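Enquirer: Each chain, written out:
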Amino acid sequence: MRLKRAAKKAGQSPGTLTYVGVEKDQKVKIQIIDYDPNELVEKEVDSLDACMPYTVKNTVTWINITGIHNMELIEALGRQFGLHPLVLEDVVNTEHRPKLDDFEDYLCIILKMLYTDVRKKSIVHEQVSLILTPRAVISLQEFEGDVFDPVRERLRKGKGRIRSQGAAYLAYALIDTIVDNYFHLFEDIGEKIEILQEQVISAPQPQILQQIQDLKREMIFLRKSVWPLREIISAMVRGESSLLKENVIVYLRDVYDHTIQIIDIIETYRDMLSGMLDIYLSSVSNKMNETMKVLTMIATIFIPLTFLAGVYGMNFKYMPELELKWAYPMLWILMIAIFVAMMRWFKRKKWL
Amino acid sequence: MRLKRAAKKAGQSPGTLTYVGVEKDQKVKIQIIDYDPNELVEKEVDSLDACMPYTVKNTVTWINITGIHNMELIEALGRQFGLHPLVLEDVVNTEHRPKLDDFEDYLCIILKMLYTDVRKKSIVHEQVSLILTPRAVISLQEFEGDVFDPVRERLRKGKGRIRSQGAAYLAYALIDTIVDNYFHLFEDIGEKIEILQEQVISAPQPQILQQIQDLKREMIFLRKSVWPLREIISAMVRGESSLLKENVIVYLRDVYDHTIQIIDIIETYRDMLSGMLDIYLSSVSNKMNETMKVLTMIATIFIPLTFLAGVYGMNFKYMPELELKWAYPMLWILMIAIFVAMMRWFKRKKWL
Amino acid sequence: MRLKRAAKKAGQSPGTLTYVGVEKDQKVKIQIIDYDPNELVEKEVDSLDACMPYTVKNTVTWINITGIHNMELIEALGRQFGLHPLVLEDVVNTEHRPKLDDFEDYLCIILKMLYTDVRKKSIVHEQVSLILTPRAVISLQEFEGDVFDPVRERLRKGKGRIRSQGAAYLAYALIDTIVDNYFHLFEDIGEKIEILQEQVISAPQPQILQQIQDLKREMIFLRKSVWPLREIISAMVRGESSLLKENVIVYLRDVYDHTIQIIDIIETYRDMLSGMLDIYLSSVSNKMNETMKVLTMIATIFIPLTFLAGVYGMNFKYMPELELKWAYPMLWILMIAIFVAMMRWFKRKKWL
Amino acid sequence: MRLKRAAKKAGQSPGTLTYVGVEKDQKVKIQIIDYDPNELVEKEVDSLDACMPYTVKNTVTWINITGIHNMELIEALGRQFGLHPLVLEDVVNTEHRPKLDDFEDYLCIILKMLYTDVRKKSIVHEQVSLILTPRAVISLQEFEGDVFDPVRERLRKGKGRIRSQGAAYLAYALIDTIVDNYFHLFEDIGEKIEILQEQVISAPQPQILQQIQDLKREMIFLRKSVWPLREIISAMVRGESSLLKENVIVYLRDVYDHTIQIIDIIETYRDMLSGMLDIYLSSVSNKMNETMKVLTMIATIFIPLTFLAGVYGMNFKYMPELELKWAYPMLWILMIAIFVAMMRWFKRKKWL
Amino acid sequence: MRLKRAAKKAGQSPGTLTYVGVEKDQKVKIQIIDYDPNELVEKEVDSLDACMPYTVKNTVTWINITGIHNMELIEALGRQFGLHPLVLEDVVNTEHRPKLDDFEDYLCIILKMLYTDVRKKSIVHEQVSLILTPRAVISLQEFEGDVFDPVRERLRKGKGRIRSQGAAYLAYALIDTIVDNYFHLFEDIGEKIEILQEQVISAPQPQILQQIQDLKREMIFLRKSVWPLREIISAMVRGESSLLKENVIVYLRDVYDHTIQIIDIIETYRDMLSGMLDIYLSSVSNKMNETMKVLTMIATIFIPLTFLAGVYGMNFKYMPELELKWAYPMLWILMIAIFVAMMRWFKRKKWL
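As they're listed, the protein sequences go chains A, B, C, D and E.
In terms of my numbering, the first sequence opens at residue 1 and continues consecutively.
In terms of my numbering, the second sequence opens at residue 353 and continues consecutively.
In terms of my numbering, the third sequence opens at residue 705 and continues consecutively.
In terms of my numbering, the fourth sequence opens at residue 1057 and continues consecutively.
In terms of my numbering, the fifth sequence opens at residue 1409 and continues consecutively.
Source of the hints: derived by calculation from the structure; they are not laboratory data.
Possibly wrong hints are sitting among the right ones.
[Unchecked claim] Which chain C residues face chain D? A few, computed with CB under 8 Å, are given here:
| no. | residue |
| --- | --- |
| 1 | R856 |
| 2 | R858 |
| 3 | Q965 |
| 4 | I967 |
Note that the coordinates shown come from a computational prediction; the quantities given were computed from them, not determined experimentally.
C-beta: ideal position from N, C-alpha, C; glycine also.
All chains, full assembly: derive it from the sequences and hints.
Expert: Here's what the structure looks like:
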């Protein structure tokens, strides 16, 4: 239960940095990419101090911090860049809702990076915070490994507009990459739904119901990660921040469209999963009906016949039929006739 | 799964042209219709360059491009008309949501052309992009064959206002034709629903449930194609673009009404399909009830009779009834009496 | 399917007059009532030309046209009163959604006149268009017979304010009469619902489910006719048109209240019909339960007894009970005791 | 069906006074309370004329009229106080939706007074109209008996602010009393729901379903009476009328809070009633399941045993078992063993 | 039923103080914490008079009153701080909806403090009212014991910003603590839901349905406590009150985010509980299906065999089979063959 950790913080002073994620003793990784249209420096550093020379230069600096469980580092970050304590609190609170905070000279954008963990076969909701200043982007991640490699590649190759468009464009590129990766995730989920859809008709087992419910719940969680994103990007597009110029806003509008598309997909999947539940329930009903028909046919055919056999098994002294030579074969004929008549009747009722 | 292709693009530089549709090696077709109230030139050309002379003349030029998988052509188009790279990206992304982009000197409108593929008996969602400049309309389609023939006819015959009303009116005429064709589509679906509605009562088979669900899902997809259209045309009607003058807006308001009407139809169909699901489920229940009644009647009549026959089949030495001469016929009379009483009881319970 | 006809128009030039209603060769009827506070002239004329003299006088003229399948007449109307081609197109498109078009010097209001066709026992959705100019009201209807007789009566008698309040007041009076008649319609439907409500409990037949669904669908259609009306009258009340003065707006506000009330009624009926569906389904379940109880009681009583009879019907050589003199009556006593015990058990379980 | 009466009015001239309530020949009662901080006069008068002297004095006058079926009186009222004909029409139309009409120099507020009729055990929806002028409040009720006695008491005793705060405060006090009385009503309904909730688990009878549906429908009607109230009081609080000064608005805000609370209660009850329906349906399912288990146990135990008995009741000449001395007791042992095994199996399946 | 008490007040003069909570004769407790950045005085006093000297000093004073059933005290409070009578009425009405009242020189904030009563295992909804003046916060609680201890600790230790930020910051700290405690509550509920979720699949008992419904209802009540909070804090954040400066608003925005997160959790839990209901219902259906299968298998196997046994139990004189030596063993072989065939058929149908 994700909630458990959020409750740890109750009653603390605001701005108290409390890492609510999984405890880790892994080392924090700081990676710098500093570039202008002509040059690009990329290196891994040990401390924030090593970053500061780059931030004063007239270049764009991307500081990527992996591992946010080191509170001293986060505090140092706050001091160096003059960030509000509440921003730092939000950044380390890995259960935070996606949100946008606009502090005139910097923006803080909190997003969820969603991807399928291949080994655990579960969906990872990793929190990524982006802090955008006029000439730098600071990205903070929970775990190693991210989806930003194509952006790094584009930076290194000087491919596209990216090297000449400033820090806001870099922030856009990172957000865009995160959002584009949602499509990968939903592709996987879409396949799962298609498989379920076939099974629900061919073999409606109770486990399938469980799987449908699990997917429905997953959808609820994904929705919570994506819905606020819509508002965030919409707020950025409205151009209220001086950090976002028209040249970036036109691209953000594109991300906005993608967000809408993802929300559409989520709603569609939810509708489809609800539809599958209806099919499942009616499949169970149908199966029960089939069972009932078998029982009814057997009973309807053999109960009367057994009655007839019972009649001629009685021990009355005076039963004229018993003495007749052809009585026994006649009775067989009668019973077969009843059987055939019943079968025809069932056929006419379309039970066979 | 349509989604699969959208995911191809993740992490790419924005404005990268990626055709996500079906791969094709078919040749791209470019058709020009250039007209003013007095004259009309119509021809098929090989390259965009052949179009450019017309665009500088004081006439309205309609450039219709079929096949958007040729990236060089799209890039050339962008260069010639000064289109934003994101517009080009959207145009070739055939999974794009319908949208309107207003770039002061041109408008980009992305729509879905919906029609039933007669051979595959499935609904085709073809993307059509319209680029409206002050004196030209560029329409981009995915596949050969479209619904624009009546517009071409009206242009050729100089019928109606169309020849004298400028490029915006032509764009309107194309949008209007696309929207009007939705009605054809929904007429087909309406017929399917009516047929299902009869079957669901007369013969509630599990396949019908499947068909209802398929139609429901189809409705979800159609809704996604039509809903955004409402916003797009509403935005055009609000008259924020200088390309759309009052003389065209009055017609767009008409298209807006049609869009509302189509959305109404979709909602009505959804309600009707939900209602059919209820009927289906209750039909299954009713059938089960019928089966149960048959079983219960047979069992209720013959189990007691069989018991009676069993009693007189016992081998006790001292059973006075067995010796009586009229015992056997008397028992028959009793059993028939029981049978008749039961039948009456069932009749009174309205089971027969 | 109403939709079918709307599709006829796809691809046509806008403003093309296409009558989509039932083809008719009935003659068109034009009725004029021209009045001022002192005088009233009422007559039936053959052509529009006969109306024109009245429209130039300083009186209010009501031109009521029944039958809109005569395209020449409609075109003449457009020419005489300077109406926009799209208005004419909407007027003859009998499947149009209720709407209000404001063209500065005239208003076009499209409404649905709803009433029960006594012979066919179905609800008629007849389209009525009102064109309001400063000194005239033109009403266009599909079929003969309307609900306007009380208005005509009030005009003739000079009763109430109607003779002295101008054309806008007349338009209001017509709309008010149409809306007031909706109440009659919903009264009929309310009675149907009450009858169904009694049947669904006393005799839950599959036909009732069908009737519930039919009513639900009817509600969907009625809703589509009434909902837009709310917006239309609300727009009129906001007083944006110079044709509607404060003296009329106060009355329109009253009509607005009635529209809200009708929408309330529709929503209430929808809720009630949904509730009936729940009752129906649970009634079916209950009935099945009753059937099951009968079967179970019969089986539970007689199967053990039959087993006992079967035991003493066995042919073992050494069965001491068979030789005993009181064995047979003892067995009867035992079987009756089992029967009584079972019956008591069922009574305790409240099955009897 | 309340609707029936509303339809009476269709086609009439607006402002025609039509009493749509129950016909009554009871005498109309007019009660006056005229007060200022120092003095209070309270009397019952025969005609409106007797009220007029009070209204010109510099005091607050409360005219309470019970019985609105006397059209002459209502018309006189309209004349004396200069009320718009539509206001009078609304006041006598007892099926009117709660509403607020602001006519600059007076306000008309239409409310529903809800209370349980102790004898009929049904909820009464009585319409109360308040007309607020600068120095008078006119209240119009349908039936004798109201909830205003505490207000009268406070006036007589000069308790609280009421005597010194003007007519608007009196109007507020009346509205407040009506709204406070809703709580009494919902208390009663809450108790009914609690009783049902216990019954639905202990004894799920079809009548309970009916009662749940009745309460649900009652909720729909109550909702229609309370929802518009929210808008009305919200409009009054916004302070658009010059009759409502800040000193009264602060109290109206309090009434607004209560209205919200009542709407909350209605929504909560609706949710609870829906939940009960689910419990009911699943209780029925559970009961059916229990019935099925009894049948299956009996059949599963005795059908195989009866088969065994049948086998040894056969008349084959050569059946070695029949001759054995211990065959009969051995068979009994076998049958008891089968019985015990079955019982254990059922216990393991948790059917017992 | 909480509602019962709210109804007590109907018809009373507004501002009449009526304590609607549980009657108590417990003594009221008044606790003062008076501080500035340098000093802190904390003591418990007997009467309000003892508080007044602190409020005139240039320090921040927190007056915490536990027990609001003493009407004289509340009235004295109103007099001393010049509070509006309606504020006092709301404060003592413990069933009040959370709300914010802005009276220029003071704010009144009514909240619900939610926590699990460990002994009764039920959720306590305690009302807390905060009155914020420029230099004081008055908090009023119903019962002893609250969640404010961490705030008191921070005040005493001078930890964080709290000592230097004025009264508004203290009010924020109290609200924040209350909201943070909601997370604890929802953690408990989350655990209950998880346990239920496991049970509903493994052992779908009717009691579980009851528990699901109870939790659903609890959710409805919690929702009513939390939803209005969102509006309240949103109103405070909009900064319309001069008492809330930008330095506090930035923190309130943080509380706002938490409120949204809690609302998200509530909606998620509601969805999950609805999903569990579906699983429960389908589990019952599945169980019934299993029961039916057992019955059908037993009946289908043994009814035909019993019939065969019955046939050879008949007493016809001429039945050639009876005389044959191998007839009896042959019949056994036939019966076993039928049994095996049936079992295979069931296996193919996946019933075994």
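Enquirer: So, against the hints stated earlier in the document, which numbers end up violated here?
Expert: 1 and 4
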